[in-house]
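K.L.:
As a plain string of letters, each chain reads:
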Amino acid sequence: MSGRALDVLIVEDEVLLATELEYLAEEVGYHSVGLAMSSDEAVDLANSLHPDLALVDVHLQDGPTGVEVVRKIHDDCGCVALFMTANVKRLPDDFAGACGVIGKPYSEHGVKMALAYLAVCLEEGHAPGWPPVGLELAPAFAERWGLTDMPRTA
Amino acid sequence: MTDYLQSQRASDQLAAEHGIDDPFAAAIRATRMAMIVTDATQADNPIIFANDAFLRLTGYVRSEIIGRNCRFLQGPETDPASVAELRGAIADGEDIAMDILNYRKDGSTFWNALYLSPVRNKQGQIIYFFGSQLDVSDKKRTEDHLRETRSDLEAAVEARTRELTQALEQKTALLHEVDHRVKNNLQLISSLLLLQNRREKEPGVKASLRGILERVNAIATVHRRLFQSADVERFDVSAFVRDLVSDMTGSANREEIRVRLDLERVDVAASKAAPLALVISELFSNALRHAFPDGRPGEILVSITRLNGDFRIEIADDGVGLSETARSSGFGLTIVQLLCQQLKARSETTAADSGTRVVIHLPVNGVHH
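So the sequence lines, in the order shown, correspond to chains A and B. Numbering of the first sequence is given in full-length UniProt numbering, commencing with residue 1 and proceeding in unit increments. Numbering of the second sequence is given in full-length UniProt numbering, commencing with residue 1 and proceeding in unit increments.
To be clear, the hints were calculated from the coordinates, so they are not data collected in a lab. Do not rely on the hints blindly, as some may be mistaken.
[To be verified] Below, in silico cross-link-like pairs of lysine to aspartate or glutamate (EDC-like), each with a Cα-Cα straight-line distance of 16 Å or less: (1) B:K139 x B:D179; (2) B:K105 x B:D52; (3) B:K171 x B:E77; (4) A:K89 x B:E177; (5) A:K89 x B:D52; (6) A:K89 x B:E77; (7) A:K72 x A:E41; (8) B:K272 x B:E299; (9) B:K105 x B:E77.
[Stated by the list, open to error] Not close to chain B: a few residues of chain A, all C-beta gaps over 10 Å, as computed: (10) A5; (11) S48; (12) A140.
[As the list claims (entries may be wrong)] Pulled from the structure, derived: some chain B residues nowhere near chain A, Cβ distances all over 12 Å: (13) R9; (14) I20; (15) R162; (16) N197; (17) A218.
Quantities reported herein were computed from a predicted structural model and do not represent experimental measurements. The beta-carbon is built from N, C-alpha and C at its ideal position, and this holds for glycine as well.
Required output: the full structure, derived from the provided sequences and hints.
P.N.:
Here is the structure:
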């Protein structure tokens, strides 16, 4: 990755998952700025740290509040979020403003590929190609990153 | 009473025109169907003829009705919309047939299948209306009864459907809840293995942890795909293999090994998905790790086809072959053997021209054809 490391905020109530995810993110060049386990913590941290990317689970310590968290931090500080959830089908059609979703259970390789791909999208404002297996982009971001007019078999 | 007299005169005139020897008039007088004729040229269209059947049906005597508009047949329960429709047809000079609730002289009601039609003279002017009445109360009662029975039945079916839909919704919600927990726990297990692997320095232990992680990942890949389709009981093997192989190849980071997929779409029962995934994962992992030592390039083929009612799963490589390398710890192959036993599948391992070919024959419905 070129330039400075992107700041990532992890919003996840399972601390073992969060710890391992932090390692994986740093291995592909992100800088982890914090871990939130509830919706309040997540919103506070996003507002004070302005991360480049927030990895957000739907189920947090205070219930299934991840979707609200994503909407709020998107509206409050324009923070780009990525859902990481076992309930991909339950997400709203507009992804609540998030850039996409990685379905759980994800693999080490899958999550690293997805995060490396997103780093390029975030830094260059343009996707390097179609997203890797396991990452689904929100329609708004697929358009923003120029995927709508990219041929399927690149 | 001038109205009455006028109607009586019209009636007499009609009778004079159609004397006792007129067979049509005789038929109308004698028929069992109630019939009337009204005089359209007089104000308020009064009755000028009624046959005996009409008097029997309504309970009036002739003198009580000649000269009157036939609205005396209507009562409080008569549908105003029907009355309006009737009035409209008369005003427009059109035929009309309808079922209308009418009243007898004694106040009792009957359903009247009324047919009313205008009679025109040679100049095309309406001079009479002809009406026939048929008591269809029995038919109406039967219809009402049927309608009630049907609506009772419909209500019962609707209630039952609602119950079943609710039960299904609850079951689906429960399935999603369990699915969610299974997925989260698989994620937790793989995170634990990855975390421990980070701490571990001993290469042998690290290799074991990696092996277990790979198996957990195979099961996790199944669960990511499970319940995704509309049919929760079937599992698309080809989609799963595509996910698994791409993930394993990617994480092996061996660009000199090409992977060729030849996948026909086959479904298996969801209950067979995890054991089958483990078998494929072991075989593919074996080829990936042992067939191409020291950066040797080559190709691995994964193919799934239908053959004589069985699924034929082939994993072949053009690597160094069986004899030249001590393949895996042996535990991987034990897993393959045991799971094939469980799946009632046959496994054949042959030395290919170069490399190794493993073919699994999986019975579609639990038996070989």
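K.L.:
If a hint holds in the structure, say so; if it doesn't, say that too.
P.N.:
Structure-based check of all given hints:
1. B:K139 x B:D179: It is violated: about 58 Å lies between the C-alpha atoms, which goes past 16 Å.
2. B:K105 x B:D52: holds, 15 Å
3. B:K171 x B:E77: Between K171 (chain B) and E77 (chain B) the Cα gap is close to 50 Å, so the pair fails against 16 Å, i.e. violated.
4. A:K89 x B:E177: holds, 13 Å
5. A:K89 x B:D52: violated, 76 Å
6. A:K89 x B:E77: Cα-Cα ~57 Å, so violated.
7. A:K72 x A:E41: Cα-Cα ~12 Å, so holds.
8. B:K272 x B:E299: The given pair, whose Cα atoms are some 28 Å apart, is violated under the 16 Å limit.
9. B:K105 x B:E77: holds, 15 Å
10. A5: Non-interface label on A5 (chain A) holds, nearest chain B Cβ at 20 Å vs cutoff 10 Å.
11. S48: Holds, since 27 Å exceeds 10 Å.
12. A140: Correct as stated: the minimum Cβ-Cβ distance to chain B is 23 Å, above 10 Å.
13. R9: holds, 81 Å
14. I20: Correct as stated: the minimum Cβ-Cβ distance to chain A is 85 Å, above 12 Å.
15. R162: Non-interface label on R162 (chain B) holds, nearest chain A Cβ at 24 Å vs cutoff 12 Å.
16. N197: At about 9 Å from chain A, N197 (chain B) fails to clear the 12 Å cut-off, so the statement is violated.
17. A218: violated, 10 Å
The structure does not agree with the numbered hints 1, 3, 5, 6, 8, 16 and 17 stated previously, though it agrees with the rest.
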